[in-house]
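Protein chains: 2
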Amino acid sequence: MPGEFELIARYFTRPVPKAVLGVGDDCALLQTAPGMQLAISTDMLVAGRHFFADVDPFLLGHKCLAVNLSDLAACGARPLAFSLALALPLPQAEDAWLEPFAKGLFALADAHECELIGGDTTRGPLTICITVYGEVPADKAALPVPTQALLRSGAQAGDDVYVSGSLGDAALALLALQGRLTLPLDLLHAARERLEQPAPRVALGLALRGIASACADISDGLLGDLGHILARSHCGARVEVDQALPLLAARQVYAGGSAQFDSDMGARTALQCVLAGGDDYELVFTAPTAQRSALAALSSSLQLPLTRIATIEAAPGLRLVDATGQAVAQDFASFDHFAAALVLP
Amino acid sequence: MPGEFELIARYFTRPVPKAVLGVGDDCALLQTAPGMQLAISTDMLVAGRHFFADVDPFLLGHKCLAVNLSDLAACGARPLAFSLALALPLPQAEDAWLEPFAKGLFALADAHECELIGGDTTRGPLTICITVYGEVPADKAALPVPTQALLRSGAQAGDDVYVSGSLGDAALALLALQGRLTLPLDLLHAARERLEQPAPRVALGLALRGIASACADISDGLLGDLGHILARSHCGARVEVDQALPLLAARQVYAGGSAQFDSDMGARTALQCVLAGGDDYELVFTAPTAQRSALAALSSSLQLPLTRIATIEAAPGLRLVDATGQAVAQDFASFDHFAAALVLP
Numbered sequence: 001m002p003g004e005f006e007l008i009a010r011y012f013t014r015p016v017p018k019a020v021l022g023v024g025d026d027c028a029l030l031q032t033a034p035g036m037q038l039a040i041s042t043d044m045l046v047a048g049r050h051f052f053a054d055v056d057p058f059l060l061g062h063k064c065l066a067v068n069l070s071d072l073a074a075c076g077a078r079p080l081a082f083s084l085a086l087a088l089p090l091p092q093a094e095d096a097w098l099e100p101f102a103k104g105l106f107a108l109a110d111a112h113e114c115e116l117i118g119g120d121t122t123r124g125p126l127t128i129c130i131t132v133y134g135e136v137p138a139d140k141a142a143l144p145v146p147t148q149a150l151l152r153s154g155a156q157a158g159d160d161v162y163v164s165g166s167l168g169d170a171a172l173a174l175l176a177l178q179g180r181l182t183l184p185l186d187l188l189h190a191a192r193e194r195l196e197q198p199a200p201r202v203a204l205g206l207a208l209r210g211i212a213s214a215c216a217d218i219s220d221g222l223l224g225d226l227g228h229i230l231a232r233s234h235c236g237a238r239v240e241v242d243q244a245l246p247l248l249a250a251r252q253v254y255a256g257g258s259a260q261f262d263s264d265m266g267a268r269t270a271l272q273c274v275l276a277g278g279d280d281y282e283l284v285f286t287a288p289t290a291q292r293s294a295l296a297a298l299s300s301s302l303q304l305p306l307t308r309i310a311t312i313e314a315a316p317g318l319r320l321v322d323a324t325g326q327a328v329a330q331d332f333a334s335f336d337h338f339a340a341a342l343v344l345p
Numbered sequence: 346m347p348g349e350f351e352l353i354a355r356y357f358t359r360p361v362p363k364a365v366l367g368v369g370d371d372c373a374l375l376q377t378a379p380g381m382q383l384a385i386s387t388d389m390l391v392a393g394r395h396f397f398a399d400v401d402p403f404l405l406g407h408k409c410l411a412v413n414l415s416d417l418a419a420c421g422a423r424p425l426a427f428s429l430a431l432a433l434p435l436p437q438a439e440d441a442w443l444e445p446f447a448k449g450l451f452a453l454a455d456a457h458e459c460e461l462i463g464g465d466t467t468r469g470p471l472t473i474c475i476t477v478y479g480e481v482p483a484d485k486a487a488l489p490v491p492t493q494a495l496l497r498s499g500a501q502a503g504d505d506v507y508v509s510g511s512l513g514d515a516a517l518a519l520l521a522l523q524g525r526l527t528l529p530l531d532l533l534h535a536a537r538e539r540l541e542q543p544a545p546r547v548a549l550g551l552a553l554r555g556i557a558s559a560c561a562d563i564s565d566g567l568l569g570d571l572g573h574i575l576a577r578s579h580c581g582a583r584v585e586v587d588q589a590l591p592l593l594a595a596r597q598v599y600a601g602g603s604a605q606f607d608s609d610m611g612a613r614t615a616l617q618c619v620l621a622g623g624d625d626y627e628l629v630f631t632a633p634t635a636q637r638s639a640l641a642a643l644s645s646s647l648q649l650p651l652t653r654i655a656t657i658e659a660a661p662g663l664r665l666v667d668a669t670g671q672a673v674a675q676d677f678a679s680f681d682h683f684a685a686a687l688v689l690p
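Protein chains in written order, with this note's numbering: chain E, 1 to 345; chain H, 346 to 690.
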């Protein structure tokens, strides 16, 4: 078993073309270009809570950086660097775990030119804490925050609300892995890939600068994260629930497309997963209606669905309606409790 | 028990006069002044490993930020901001724990004008991960790293080696708290304060810019951290062990000043604590002999002892000698094993 310094030297010391100084001193050093700001986000992942302790370490390495890059994407920031703090119990402090973990981590890091500049390793219950740094242009004229970063606070009444990609599959996979429902193998495979290898929407976030009025990533569930935008923007939204289902695997469950599901139960489960499931790492964003054609072009160029699911309204609160305009039972909005039920045992 | 967002709002959301944007969005935003670099360091503290789970939360709040500010001090960086990630089990997720924890944290943060800009909270085994950001001037002329930051890599043969303050008391207090030795109450009190409320040497670090040739903070023990400087600077050092004992409580143990100690055992324990105990958060630094008078003046103005304990030599390795120049048994240098023995059960 490698000691702390040997472990850092072997797995976590790499060249840093962007940073002034990387791993190996008391501090790392970063210098942003003139007129740029540093966007910073931290996520801590705990075994048994955010992932199964026996998950494939390659996939875990990917995911723990992906959830952080997703926060940069939500701000429209270009990834620069990250710090990694690891608490490792014995089985994970071995080469057999560390090597694939580092591979998964750096495969995603390299794809986004995001370099490891420092961190900490210690013995302890398996916990991964990443702080990620991205670059975004300042904007002295922007009020109240002088930045070009996408914030949660800019939504205006009349704006459209969009989500990228598809929602609910990660939550569906988790329910299946917990034995709480059975998915056909092909659906399970697709849903599980979304749970274990989420793709942070970095390119989308960068492209949305100057288009979106507000943006957040969907980590706590669509209603919860849209709720953050509404709270920071002091407004409300009317969500057309049937529009809110840009699903992959979950769509088939919703539609009763699998013979293994009672269709009522399937529809309800799928709706819960898409509205409140969490762990999706798509972006939810608002934009003035004048941006519809720009967004259609962007969706096409990125080959990523951007689905209009709601309209921002001045009155605070989330109003869920079905295709006929009828109110949908509000218990989907209790995402906190549902999210708690999804937590790993 | 407060939920995550309520908890963040109640305890961890404060004004951020220095940052562009603080807690509440997907990312925080920091912008450094022109010509400045950001010094970044991360430390993760795990209950049962770095602190007793039942430690006074006010003291813990202080300490977990102090160990990070100590890294900024070692680089000569001025504290700007920090991110806080917390995994909390049930007893710690209650107001009765969070309120004093936040008080201890912010008392030290405010003293150093270091503002909380973001983070994460989750349920899990008690773990505290802080990433701290400081500001340091760039220096295009400096080679190989274009910075005015104090690095571990600048020591030169002939330089003096200094330590600030006193060493070994934190380790001595830990041994006492573990029941592995008994300290007189007044010594225990003094030593325990060093363990639980270390004072990061931020002012010293800032003052050492332009004076010190290399610097590190003493978190892993003097020999270990001096060893980092030697490794990065490709040189060695001769340590005069008797000079290496600028102790507070431990000095009395070393001198057999307490009737409760067999003096041989006391001397040996004290020497281990000062050379390899760790958790001291003093600075070890090197400086050309031409800086001796500047350092004497600095020690006086900061009212902080700066003790010359060693000389840098071209030949790699650490050579320990006593007052008569005789080699001291090298097993003190096995700081890794000793540090491991000091780890909480």
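None of these hints come from the bench; they were simulated from the model.
Just so it is clear, CB atoms sit at the ideal spot from N, CA and C, and this is done for glycine as well.
Careful, some of the hints might be misleading.
To be verified - Covered stretches of chain E (chain H as the covering partner; in silico rule of three or more C-beta atoms under 8 Å from a C-beta of chain H):
| hint | stretch |
| --- | --- |
| 1 | 22 to 29 |
| 2 | 301 to 307 |
Said to hold, decoys possible - Sample of chain E residues lacking proximity to chain H, with all beta carbon distances greater than 10 Å (derived):
| hint | residue |
| --- | --- |
| 3 | Ala93 |
| 4 | Pro100 |
| 5 | Gly124 |
| 6 | Ala138 |
| 7 | Ser153 |
| 8 | Leu175 |
| 9 | Gly179 |
| 10 | Thr182 |
| 11 | Pro184 |
| 12 | Leu185 |
| 13 | Gly210 |
| 14 | Arg238 |
| 15 | Val328 |
What the hints assert, rightly or not - In silico DSS-like links for lysine-lysine, alpha-carbon gap of 30 Å or less:
| hint | chain 1 | residue 1 | chain 2 | residue 2 |
| --- | --- | --- | --- | --- |
| 16 | E | Lys103 | E | Lys18 |
| 17 | H | Lys448 | E | Lys18 |
| 18 | H | Lys363 | E | Lys140 |
| 19 | H | Lys448 | H | Lys363 |
| 20 | E | Lys140 | E | Lys18 |
| 21 | H | Lys363 | H | Lys485 |
| 22 | E | Lys103 | H | Lys448 |
| 23 | H | Lys448 | E | Lys140 |
Numbers of unmet hints, in rising order:
2, 5, 6, 7, 17, 22 and 23
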